[in-house]
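Counted from 1, the sequence shown has number 355 at position 321 by this note's numbering; the numbering is strictly sequential.
If you are wondering where the hints come from, they were derived from the structure by calculation, not from laboratory data.
These figures come from a predicted structure and were not determined experimentally.
All residues carry an ideal CB built from backbone N, CA and C; glycine is no exception.
Mixed in with the good hints there might be a few duds.
Claimed, not checked - Between beta-carbon pairs, the in silico distance windows are:
id, residue 1, residue 2, range
1, Gly51, Ala343, 53 to 59 Å
2, Arg133, Ala96, 26 to 32 Å
3, Pro256, Gly368, 27 to 33 Å
4, Arg166, Ala50, 20 to 26 Å
5, Phe293, Gln323, 18 to 24 Å
6, Gly98, Glu64, 36 to 42 Å
7, Gly359, Pro100, 41 to 47 Å
8, Gly315, Asp416, 53 to 59 Å
9, Gly388, Arg305, 37 to 43 Å
10, Gly167, Arg364, 46 to 52 Å
11, Ala81, Pro322, 25 to 31 Å
12, Glu299, Gly342, 52 to 58 Å
13, Glu61, Gly315, 45 to 51 Å
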Amino acid sequence: MVETASAAEIASAVRAGTVRAVDVVAEALERIERADPVLCAFTEVWAEEALRRAGEVDALVAAGPPRSSGPGGGGGPGARAWLPLAGVPVAVKGRHGVRAAVPLLAAGGVVVGATAVPGPGTAWQTWGLGARGRTVNPWRADRTPGGSSAGAAVAVAAGLVPLATGSDGAGSVRIPAAWCGVVGLKVTNGRLPSRDRTGLAAPGVLARTAADAAAWWRAVSPPTTVDADASAADTPSTTGVDMPPSVPLTAVWSPDLGFARPDPEPVALARAAVDRLVDAGAVRLVRPQAPPLLLDPAPAWLALRTPGADPAGLADAHRVRAENGRRLARLFAGAELLLTPTAPTAPHGHEGPGDVYSTALTWAFNVSGHPALSLPAGFGTDGCPAGLQLVAPHGREALLLAVAGAAGKPSGRKG
């Protein structure tokens, strides 16, 4: 398989018997060995276990689908494909990420290793420490990839693996997705299991295409979940690629959510990406009765995240959460999507971000719990990618993925 093969293409070829999972995984391991000394995307690589697991997938393919799966792996309307991730190399966030990857293994995926996360005592400015050193942005080594799902974004952007798991407590999937030029999805808080005691973090995925992110979503969510939020706009086709919406979805654009102070270039790149979605017939911009003005979630997020926080601070945090929830409910009563830049700045150097939090436009939706997705939005004058953030009502992950699918494939692989 070529390095740029998507998860859907790999799984289809493995199920058809035109390529072996063992060979796909061996090639991925070779790419990691070749590139990781520079990128430092991985903390651990589990080569022996990955090849063993790939051999098991090949044996399952040789045995054929169970009878209940029906011809071709289908089982009637709403049924899931047999081994939808057959032989797909997957990276997991951190050494304990395998716990969240059990559904991916059941779908035929093969975990190849653990990706870099912030090291002990790592300040906000670095966000990634691999086995061989500091994790670097694959587009410019002097820039950070973002975090905390730093290695996951780098591994996907560099073509080492087509899928990597993440977790998002303040933008930890969406920011590195934006700064590395890949798709990053944070699901609705509480919809999938999370180890975060505060409830601010939710699982997510980083992928090169919206279709691959959708394949992850179908694998990790219960069948009733996918069936319940499927519609004409977000029902997967028989090719495994989510179909674009049949009619434009109403969307509201906000460059700053009413409180942030983003730099002009990320705003311009995100707005140009919105215009492309409009031209593709995926969205239709509408003017809300009132602009989307949220309260700054920073104090609320910090209070909710801090053990033993002052009771007055917690009370104010709950007030901000409730008020922003009301404002977002009003917005989504008149529109199906909210669109913003993903990050307020371009990727900064490893020395640090200065006074601007990269989370300025993302952590509001960790506090509110809404699903959100970062979509590649082009490149800045520094040569680094930027992102467009799509936010949907609670439980509408499939809607986000369908709209992202209408945007087409990312502009390229770096590595």
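Results of checking the hints against the structure:
no.	hint	in the structure
1	Gly51 x Ala343: 53 to 59 Å	holds, 57 Å
2	Arg133 x Ala96: 26 to 32 Å	holds, 29 Å
3	Pro256 x Gly368: 27 to 33 Å	holds, 30 Å
4	Arg166 x Ala50: 20 to 26 Å	violated, 37 Å
5	Phe293 x Gln323: 18 to 24 Å	holds, 19 Å
6	Gly98 x Glu64: 36 to 42 Å	violated, 30 Å
7	Gly359 x Pro100: 41 to 47 Å	holds, 44 Å
8	Gly315 x Asp416: 53 to 59 Å	violated, 32 Å
9	Gly388 x Arg305: 37 to 43 Å	violated, 24 Å
10	Gly167 x Arg364: 46 to 52 Å	holds, 48 Å
11	Ala81 x Pro322: 25 to 31 Å	violated, 52 Å
12	Glu299 x Gly342: 52 to 58 Å	violated, 40 Å
13	Glu61 x Gly315: 45 to 51 Å	violated, 37 Å
Of the numbered hints given earlier, the model fails hints 4, 6, 8, 9, 11, 12, 13; all others are met.
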